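Student: In case you want the letters, here they are:
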Amino acid sequence: QVTLRESGPALVKPTQTLTLTCTFSGFSLSTSGMCIGWIRQPPGKALEWLARIDWDDEKYSSTSVKSRLTISRDTSKNQVVLEMTNADPSDTATYFCARINTHAGTWNAFDVWGQGTTVTVSA
Amino acid sequence: EIVLTQSPGTLSVSLGERVTLSCRAGQTVSSTSLAWYQQKPGQAPRLLIYGTSTRATGIPDRFSGSGSGTDFTLTISRLEPEDFAVYFCQHYAYSSYTFGQGTKLEV
Numbered sequence: 001q002v003t004l005r006e007s008g009p010a011l012v013k014p015t016q017t018l019t020l021t022c023t024f025s026g027f028s029l030s031t032s033g034m035c036i037g038w039i040r041q042p043p044g045k046a047l048e049w050l051a052r053i054d055w056d057d058e059k060y061s062s063t064s065v066k067s068r069l070t071i072s073r074d075t076s077k078n079q080v081v082l083e084m085t086n087a088d089p090s091d092t093a094t095y096f097c098a099r100i101n102t103h104a105g106t107w108n109a110f111d112v113w114g115q116g117t118t119v120t121v122s123a
Numbered sequence: 001e002i003v004l005t006q007s008p009g010t011l012s013v014s015l016g017e018r019v020t021l022s023c024r025a026g027q028t029v030s031s032t033s034l035a036w037y038q039q040k041p042g043q044a045p046r047l048l049i050y051g052t053s054t055r056a057t058g059i060p061d062r063f064s065g066s067g068s069g070t071d072f073t074l075t076i077s078r079l080e081p082e083d084f085a086v087y088f089c090q091h092y093a094y095s096s097y098t099f100g101q102g103t104k105l106e107v
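Chains as they are written, first to last, in my numbering: chain A, 1 to 123; chain B, 1 to 107.
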């Protein structure tokens, strides 16, 4: 069974660095075709894709936040970490991690999601 | 970046009704790269449809997707109580993902 779980601080002050961790099970990020993406959702608003990391350590980020994001992985711990610098109140959102399996029919969609973690950016 | 526009924003519907949700892309997109998700309050999105018309694992056959070019549709043939939720379309191209703003189904 594939599961993902996000963790991180519930409250971050403006200008601080927000660090979120996605811990997953049921698959390996070393397996060809496996990727993990981060998506956020401000309260009552739409989903916004942020970043993706692949089985071969290729990384992709949204142009809107690219300069502030770092995505990394620890395959031994089955974890992916997202760092966002210079946090702003507009970054207040629920952050989801989700799997992408580029070797499946669902290759261009997020087929399994974590439950999300809510982050508030406020002084 | 491709913009996806969903309409309507909110749809008032009744149990047993047939419902059609629209997702329009700002330019022609590949039908293999269009997906739909369902999200209930306080929950993560769930993949319903990928490749425009293929149901994801475990999705009931009352959900169907269609479309091509710039216009895509999610149809629910007979609304069940558990279908009241927000529905998002999503597109993938050039290692980037975009979502529509969502359509909320309410009683």
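Keep in mind the hints are simulated off the structure, nothing from the lab.
Mixed in with the good hints, there may be bad ones.
Listed next, the in silico DSS-like pairs over lysine-lysine satisfying Cα-Cα at most 27 angstroms (straight line) [to be verified]:
1. A/K77 / A/K59
2. B/K104 / B/K40
3. B/K104 / A/K13
4. B/K104 / A/K45
Sample of chain B residues with no beta-carbon within 12 angstroms of chain A, all distances over it, derived [stated by the list, open to error]:
5. E1
6. P8
7. L11
8. S12
9. V19
10. Q27
11. S33
12. A44
13. S68
14. D71
15. T73
16. L79
17. D83
Output of the computed footprint for chain B on chain A, the stretches with three or more beta carbons under 8 angstroms from beta carbons of chain B [said to hold, decoys possible]:
18. 27-34
19. 39-48
20. 58-67
21. 100-109
The structure presented is a predicted model; accordingly, all values stated were derived computationally and were not measured.
For glycine and all other residues, C-beta sits at the position ideal for the given N, C-alpha and C.
Student: Give a verdict on every hint.
Tutor: How the hints compare with the structure:
With a CA separation close to 19 angstroms, the supplied pair A/K77 and A/K59 stays within the 27 angstroms bound. At roughly 10 angstroms between alpha-carbon atoms, B/K104 and B/K40 fall within 27 angstroms of each other, so this suggested pair holds. For the hint pairing B/K104 with A/K13, the CA-to-CA distance comes to about 32 angstroms; that exceeds 27 angstroms, so the pair is violated. Distance hint between B/K104 and A/K45 is fulfilled; the C-alpha atoms sit about 11 angstroms from each other, no more than 27 angstroms.
For B/E1, the requirement that its beta carbon stay farther than 12 angstroms from each beta carbon of chain A is not met, with the minimum near 7 angstroms. At roughly 15 angstroms from the closest C-beta of chain A, the C-beta of B/P8 stays outside 12 angstroms, upholding its exclusion from the interface. Once the 12 angstroms rule is applied to beta carbons, B/L11 is consistent with being away from chain A; the minimum gap is 16 angstroms. The Cβ of B/S12 lies farther than 12 angstroms from every Cβ of chain A, with a closest approach of about 18 angstroms, so its non-interface assignment holds.
With 12 angstroms as the threshold on Cβ separation, the claim that B/V19 sits away from chain A holds: the shortest Cβ distance comes to roughly 20 angstroms. With a closest Cβ-Cβ approach of about 17 angstroms to chain A, B/Q27 is found to remain outside the 12 angstroms limit, as its non-interface label requires. Look at B/S33: its CB is around 5 angstroms from the nearest CB on chain A, not clear of 12 angstroms, so calling it non-interface is violated. With a least beta-carbon separation of about 4 angstroms from chain A, B/A44 fails to lie farther than 12 angstroms from that chain, contradicting its non-interface assignment.
Its beta-carbon lying about 16 angstroms from the closest one in chain A, B/S68 satisfies the requirement of being farther than 12 angstroms from that chain. For B/D71, the shortest C-beta to C-beta distance to chain A comes to about 19 angstroms, beyond the 12 angstroms cut-off, and the non-interface label holds. Listed as a non-interface residue, B/T73 keeps its Cβ farther than 12 angstroms from every Cβ of chain A; the least gap is roughly 17 angstroms. Non-interface status of B/L79 relative to chain A is upheld: no Cβ of that chain comes within 12 angstroms, the nearest being about 23 angstroms off.
The beta carbon of B/D83 is kept farther than 12 angstroms from every beta carbon of chain A, the shortest such distance being approximately 19 angstroms. Note: the segment 27-34 of chain A has 0 residues with beta-carbon separation from chain B under 8 angstroms; the three-residue rule is not met and the coverage is violated. Restraint check on the segment 39-48 of chain A versus chain B: 5 residues with Cβ-Cβ distances below 8 angstroms, three needed, restraint holds. Requiring three or more residues with a Cβ within less than 8 angstroms of a Cβ of chain B, the coverage given for the segment 58-67 of chain A holds, as 3 such residues are present.
Requiring three or more residues with a Cβ within less than 8 angstroms of a Cβ of chain B, the coverage given for the segment 100-109 of chain A holds, as 4 such residues are present.
When the structure is compared with the earlier hints, violations turn up for hints 3, 5, 11, 12 and 18 and for no others.
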